[in-house]
Amino acid sequence: MDRYPKTIEDLVHSLSALPGIGRRTAERLAIALLDWDPAHLHHLGGLIATLVDRVRPCDACGNFAETALCRICTNANRDTNQLCIVETARQIPVIENCGRFFGLYHVLGGRLSPLDSVDVANLSITSLYDRVAALNISEVIISTSPDVEGEATATYLASELNERFDIVVTRIALGVPLGSDLTFADAATMGLAIDSRRKVH
Amino acid sequence: MGYIEDIALVDFRNYRDLHTSFAPGVNIVVGPNGQGKTSLLEAIYFASVLRSFRCRRLRNLVHWGQRRFLLRARIREVTTTRSLEVESGDTRRLILNGSRVAKASDFIGQVFCIAFVPEDIGLVKGSASNRRRYLDSTLSRLYPPYLLLLQDYQKALRSRNALLRRDAPDRAAVAAYDAVLTAAGVKLLALRRRFFHTLTDRLAVAGDLLFGDNAAVTLNVEYAFTSETGTDSWSSADWAAAYLSGFRDSADRDYRYRMTHVGPHRDDFQLLLRDRLLQLYGSEGQCRLAALALKMATGEVFLEAGKKQPVVFLVDDVTGELDPERRRVFFASLTRANQVFFAATDLTALPAEMAAAATHFIDNGTVRRGASGGESNE
Ligand SMILES: [Zn+2]
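These protein sequence lines map, in sequence, to chains A and B.
For the first sequence, this note's numbering assigns the number 1 to the initial residue and increments by one for each residue that follows.
For the second sequence, this note's numbering assigns the number 1001 to the initial residue and increments by one for each residue that follows.
Among chain B residues calculated to face chain A with C-beta under 7 Å, some are:
1. Pro1144
2. Ala1156
3. Ala1162
4. Leu1163
5. Asp1170
6. Ala1173
7. Ala1176
8. Val1180
Footprint (simulated), chain B over chain A, 3 or more residues, beta carbon under 8 Å:
9. 108–114
10. 140–151
These aren't lab readings, by the way, just hints derived from the structure by calculation.
Every value quoted in this text rests on a predicted model; they were computed, and no experiment measured them.
Virtual Cβ for every residue (Gly too), placed ideally from N, Cα, C.
Work out the full structure, taking the sequences as your base and the hints as a guide.
Below is the structure:
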């Protein structure tokens, strides 16, 4: 394919490796970048080039960070009694966006997946116990995904945490999405909603 | 009520390129053996279940030397049509009403096909895996959540077995999977119990029709983790407790043999005739008849489920050994379906109950449609 000079072709190839970007979109992005002024381009290039050096996991919780600790761990206004367990750092902004949780996080770095050889030792579980012991935690909220491996991980953590600490362990509720028409809820989601129903006063 | 209006096949068995239409009611598929009668029924069944009733390897369904087959079917209902499209080769594509669907569970069950085939004797005489396949395939279509629950259960089971095969198994991780197996398992169990409850009654009726009055064809269902004192009064919480402690109690043995020995993946059932196990004591003829009764009873459960999807019976080579009276009652029960496909080598031996709405002549991978009165459409 000789449609573009090699540099553009290489850029298109790299861009199309990004999630949600196909060949055509990658071409459009590459051509659009050609029109940027050089200062802008250098700035973007610099950001990409230093990404891997600057961004690292938070020493405490595993969230994305630029210093030893992330912005949540260093925020004095966070509630240090609550700890929310997530599988990956990507899930933290989702929970932050809901504006309901003000505690700390703990990133497991995956979930118990015996079929993919991910066992307890491959996850940040020892550091979880250390943090619960060191911090003044009263409640741990387990926010792993509601599928087979996420549920097994949640069950494992709940049982281990309850055995080790005198704290409240909770699991996020599951059910039908807000603002959706019940008529179109799929059977699995509806089943979870029935299972996690609550008493109305 | 609805019916399968037409089907198109490309490289499905000996059909290189077929497009043919069907009538509501009884469709007779006629032709010499080896020309493609069973394959046509198999294609219709595949559109409903995404499986074959005669082989487990999908590769065998593809025409020799080709890489994939295409199957399209249209279901006509009172005011609407639904279209099903399957491409199956190295990968599978499922298209329902023009939209790609990712999960088999969202595709199957658009039409309820029940196959009456000689292989059914395996349900009575064969190994437990035959009966589990029948059970899972039937319940996946009857109850929408069943297939997803089954897939969850099977993934949890494979995960637990993977943990058991580790050099030093993590007992706490195994115990966590016990809980996940229990959660999915008791939901599967509830649907199985509901199904067998209805099936037992329908089987008694079908058994009387085929074996004679008071034949007492019954089922003995073996569930995992039951109690010697009976489970009739158990609530779903009791079952969940029994499952969880059942998995825990079998853990020691499971660690030794490095696999999960007990659980609903080992559920099974037997057919009995006058309290005698047919698998052990039944003659070949009795077992064939009992298998037929089981399928008739299954058909009744589908018909009574009152779903909006059409119920379609596919009948291939199971009536040869029936005496005239049994043939009559069997055919009479068939006509309760919205549509019937009946394979026959010639048209002379058909009873009056099978007044055909359409006849389809099969000849070496081609189909020629004739009307019931004998005049041809094409
Ligand atoms: Zn942090």
